[in-house]
Amino acid sequence: MFLEIIKSIVLGVVEGITEWLPISSTGHMILVNEFIGNDGFTASDLYLYVIQLGAILAVVTLYFHKLNPFSPSKTAEEKSNTWKMWFKVIIACIPAAAVGLVLDNFMEHFEIWQVVSATLIIYGIAFIIVEKKHKKTVVTDMDGMTYKTAFLIGLFQVLSIIPGTSRSGATILGAMLIGCSRSVAAEFSFFLAIPVMFGVSLLKIVKSGLAMTGGEIAVLLTGMAVAYVVSMLAIKFLMNYVRKHDFKLFGYYRIALGIVVILYFALWIFVFA
Numbered sequence: 000m001f002l003e004i005i006k007s008i009v010l011g012v013v014e015g016i017t018e019w020l021p022i023s024s025t026g027h028m029i030l031v032n033e034f035i036g037n038d039g040f041t042a043s044d045l046y047l048y049v050i051q052l053g054a055i056l057a058v059v060t061l062y063f064h065k066l067n068p069f070s071p072s073k074t075a076e077e078k079s080n081t082w083k084m085w086f087k088v089i090i091a092c093i094p095a096a097a098v099g100l101v102l103d104n105f106m107e108h109f110e111i112w113q114v115v116s117a118t119l120i121i122y123g124i125a126f127i128i129v130e131k132k133h134k135k136t137v138v139t140d141m142d143g144m145t146y147k148t149a150f151l152i153g154l155f156q157v158l159s160i161i162p163g164t165s166r167s168g169a170t171i172l173g174a175m176l177i178g179c180s181r182s183v184a185a186e187f188s189f190f191l192a193i194p195v196m197f198g199v200s201l202l203k204i205v206k207s208g209l210a211m212t213g214g215e216i217a218v219l220l221t222g223m224a225v226a227y228v229v230s231m232l233a234i235k236f237l238m239n240y241v242r243k244h245d246f247k248l249f250g251y252y253r254i255a256l257g258i259v260v261i262l263y264f265a266l267w268i269f270v271f272a
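For the sequence shown, position 153 (counting from the first letter as 1) is numbered 152 according to numbering that gives the first Met the number 0, and the numbering increases by one without interruption.
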């Protein structure tokens with residue numbers, strides 16, 4: 000039990016950082032689980048998906064005023080714009096929800112290091128290329144985003160069902176390609192995560208039939224709490240970072256991580272095969 004709590008804390012830190020930065024939480028989880036032991040409740044699908052609820056709460060906390068259409072301090076126009084933003088989020092979630100429900104079980108077969116390392120590298124290169132060509136910014140704030148743009152970003156989010164892609168990475172890349180500024184792309188990615196991650200977590204809970212012991216609930220709540228705190232820091236860091244820098248650094252990091260994953264498992268196969 001004590002060991003599972005420690006593993007949960009480690010995974011909560013990893014989840015809190017990698018869920019929001021465009022560097023793939025799956026790729027990091029695979030490596031971390033290799034080192035801390037990929038067994039026990041912390042290695043289960045239920046744990047790895049439901050721990051995301053802690054990360055979601057961080058977004059809600061940080062952006063509560065912006066997300067709240069009922070805020071008494073907002074004008075009628077601001078409340079209207081908030082509702083419009085939520086409609087854009089819902090529209091953008093439709094493609095991923097439709098495809099995800101159909102392919103949920105099928106895509107689990109692709110949660111292997113070969114796929115993860117390939118997508119890490121491919122999207123790392125994509126970030127570098129897109130940043131070099133990202134000159135014209137059409138959408139500079141959330142109010143200026145059209146429903147069509149939101150839907151197109153949602154189509155890019157579908158790509159994140161492939162392990163190693165990174166949900167935030169796919170949506171940020173897509174938004175920038177369409178003409179969104181880096182800050183709008185990152186912020187909209189955060190908001191998209193609320194219904195998407197909540198829906199996935201709820202789906203896993205329903206599939207499990209709520210079959211958790213008291214100890215497993217304690218382990219899960221520990222991971223969620225850690226993910227919440229670390230997510231708060233990661234989101235603030237990313238928003239401050241993109242105001243002055245581009246995403247190329249994350250592209251280089253993804254490529255390096257992809258190579259590390261390949262080398263690690265290639266060495267493991269060479270030694271133990």
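Check before you lean on any hint, since a few could be wrong.
[Stated by the list, open to error] If you anchor each label on the Cβ, the simulated ranges turn out as follows: (1) F269 / I121: 19 to 27 Å; (2) K135 / Y263: 18 to 26 Å; (3) Y251 / K73: 25 to 33 Å; (4) G214 / A75: 48 to 56 Å; (5) H244 / K147: 34 to 42 Å; (6) W82 / L202: 21 to 29 Å; (7) A117 / L232: 26 to 34 Å; (8) L176 / L220: 36 to 44 Å; (9) I93 / F1: 15 to 23 Å; (10) W82 / F1: 41 to 49 Å; (11) N37 / K147: 13 to 21 Å; (12) L176 / S70: 17 to 25 Å.
Think of the hints as simulated: they come from the structure by calculation, not from any bench.
Glycine included, C-beta positions come from ideal geometry on N, C-alpha and C.
Each hint tested on the structure:
The hinted range of 19 to 27 Å is satisfied by F269 and I121, whose Cβ atoms lie roughly 25 Å apart. Distance hint for K135 and Y263: a CB-CB separation of about 40 Å, inconsistent with the stated range 18 to 26 Å. At roughly 41 Å, the beta carbons of Y251 and K73 sit outside the given window of 25 to 33 Å. In this structure the hint that G214 and A75 lie 48 to 56 Å apart at CB holds, the actual value being about 50 Å.
For H244 and K147, the Cβ-Cβ distance of about 29 Å falls outside the hinted range of 34 to 42 Å, so the restraint is violated. The beta-carbon spacing between W82 and L202, approximately 26 Å, falls within the hinted interval of 21 to 29 Å. In this structure, A117 and L232 meet the distance hint of 26 to 34 Å, their C-beta atoms being roughly 30 Å apart. One distance hint, 36 to 44 Å for the beta-carbon pair L176 and L220, holds here, with the actual separation near 39 Å.
Restraint check, I93 to F1: a C-beta distance of roughly 44 Å breaks the suggested window 15 to 23 Å. Separation of W82 from F1 is about 47 Å and conforms to the stated range, judged on CB atoms against 41 to 49 Å. Distance hint check: the CB atoms of N37 and K147 are about 42 Å apart, inconsistent with the given range 13 to 21 Å. Distance hint check for L176 and S70: the Cβ-Cβ separation is about 33 Å, which falls outside the suggested range of 17 to 25 Å.
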